[in-house]
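Go ahead and model the full structure; you've got the sequences and the hints to work with.
So the protein lines, in turn, are chains A and B.
All letters in the first sequence, in the order written, are residues 1 to 291 by full-length UniProt numbering.
All letters in the second sequence, in the order written, are residues 1 to 438 by full-length UniProt numbering.
Honestly, the hints are just simulated from the structure, not real lab data.
Treat each hint with caution, since some may be false.
Result set (EDC-like, lysine to aspartate or glutamate): computed pairs, CA atoms no more than 20 angstroms apart in a straight line [said to hold, decoys possible]:
#1 B:K176 with B:D77
#2 B:K327 with A:E228
#3 A:K290 with B:E334
Treat the numbers as computed from the prediction; the structure is a model and nothing was measured.
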Amino acid sequence: MADTSFGSGAQRSRDLAHSQTAYLELVRRRRMYGGILLVLFIALMASGFNLAQSRNAGGFLNGLPNVFAFPSEVLSEAWEKRANLPGIFLEHVPALIETLNIAAVSTLLGGIAAMAMALLATRGLARWPRLTGLFRRMMDICRAIPEIVIALILIYILGGGPVPAVIAISLHTAGALGKLFSEVAENADLKPVEGLQSVGASWGQQMWFGVIPQVAPNWLSYALLRFEINVRASAILGFVGEGGIGYDLKIAMQWGMGRYDQVVAIFLLLFLTIVLIDRVSDHFRNRLVKG
Amino acid sequence: MTAFAPPLAETITRRFARRSMAAFAIPAVMLAYLVYAAISFDLAGLASRARMDNAAILLADFWSHKTHVTRQNRTGDLIVAVEGEAKGTYPKGHLPDWVAQDGDVTVIDLGDDHLITYDQGGARYSVPDYGVIDIRQTEDGLTLTAPEPLPDWINASDNRVSVTTDAGRFAYTRSKVETFRYQPGWPLFFFTPASAFHGMSWPELAASALWGERVDPDRTNIAAMAGDFWNNSMWRHRDVIWAMFETVLMAFLGTFGAAIVALPLGFMAASNMMPFRLVRFGLRRVFDFIRGVDGLIWTIVLARAFGPGPMTGALAILLTDTGSFGKIFSEALENIDEKQVEGVRSTGANTVQRARFGVIPQVMPVLLSQVLYFLESNTRGATIIGAIVGGGIGLLLTQAIQTQKDWEDVAYYMILIVLTVIAMDSLSGWLRRKLIKG
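Set out below in structure tokens:
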């Protein structure tokens, strides 16, 4: 940056005398650009918020006092019935396990698909180097389609149950993990692959013995992070579609007054599970990446 | 050395044995888990529950449409309408070229020599390689004349005759006679029959736009076309584009709002910026709480307070991401190089100046690239949040899916969402490269 401000060649000696003014000039210009960008950004945020507010059913300031109304209503009712909570916990554990199973199965299936797609889409490793672009686009599309779209369409075809959610989350996981996996694989050392090639290993053997051992810790760490995300996604899909703890939550919410102890119990169950999984996966990821 | 050699060799062999055990055990455990999951998800029962006919309808509807040609038998009124909807009705005198009306007689050409004729007192359907199915209406019911024996694709009773062929479907009841013709493509995507531009080919449209006579004397033809397209009542482009924009707006406001809120909080939660342990500890737990409660629950709570709409969605994203950003920002701040801060401190700068000139320039690229990553994933997330709070494209999508027949709309929204997400993906990637390099 500094070099360019001083100019080059014949001008240099003359500009050196004015280096201070040139520097101050540069600083001023940079500040001005920064200021303009900031003003533009603030204007964009403000007008965007205004627009969002005008298209919302309730206004921001009108709603603000109500933010705590619903939680406090729910909590106070649940507090009165706090004796019921342990029983309700147990009642919803099967649904929680279903939600976790959906997340685990789709992380597993999506991860396996992502492994294959990532290797096929990585330059230098791909089985068919000409098709890397195709596999990249496939991953992009898998990533771009929101899970809810696939889940709702599959519910129409397959009926309710966990399978539509599994397929929807797996597809998304394959795309998202595929991109991350391929970024890791790009940095893999190619020497083992070449060594295996020289002894006549097939492409599958080259990948399995030459690449996978190198990238496995990073890949596992990404897969664990994805599992965390998928637990949340599977709860949300349950709320919108069918199955798992999200569905129980929706039913309890629709019931409204009188079932708020259920709502609180499910909230708590979900909260504790998510925090626990976050902690455990944080711990393992740290160990995996650091050695 | 030699004394150590045998145990060393032994250890290595043992390790190898353990490794090769693991190489078999891990896939075996995975497989066992998948089998358990398949049983607990009742995969076997799925086959009986799956509605493959629904799948066929859905797939056909994604890329094709049907046109209804309906005659009311009492009045003799003929209506030709796309999907049988009022807004897709062809105006009198502008029927599609495969429907010919001449007085009381209507001839429908379904292609491949399938010809249907509506005439006074009945209708005829001539099916190639079979013959003519003739239906006459009498006082006491319908009389069917067709080559015997009747094949199973003709379903006949006293009150109703229906015929299903590859070319289309035909149904005659006492009150009306209907023909459905299936054709590929999304009909009326650009102009509804109400528009003057309906039925023009691309060259005709271009000619009309550039030098054709004004259809509407008040506007140029290009403006009229844009207006007719924008206000298309069948595909509702205006509403759809607005909804898509709302979704992107939610993601934008939520992500950057969260970044603005989280930046000072991140400073306060970083151990090298905030001397008071209690504040740090408290803020960290707040971040954990916000992230743990999860976007779903925040969305529900906020939707109760603010009602449905894009602002609620934006606030839900803002709240959820504040937790994530607070954590990421404070960690990034803890990993900075202290030398730069010391340099600024040596010039006598106060805390704010040290933060502005010593810290921000170091962490800005990291923070911005995280924010842009979130922006891109929130665009997709805003679709789901929209479905929960009732705003944006998520709402349109769930509504279209719930009708269980507007699958072409679902396909349209899906394509739009995918294109938007990919566009946001490349935009944020481009910005990231620009900002981090420069």
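20 angstroms limit on alpha-carbon distance, applied to hinted pair K290 (chain A) and E334 (chain B): Distance of about 18 angstroms is within 20 angstroms: holds.
Restraint status (C-alpha distance of K176 (chain B) to D77 (chain B) at most 20 angstroms): The hint holds at about 10 angstroms.
Pair hint K327 (chain B) and E228 (chain A), alpha-carbon separation not exceeding 20 angstroms: Roughly 16 angstroms separates the two Cα atoms, so the pair holds.
Comparing the model with each numbered hint stated earlier shows that all of them hold.
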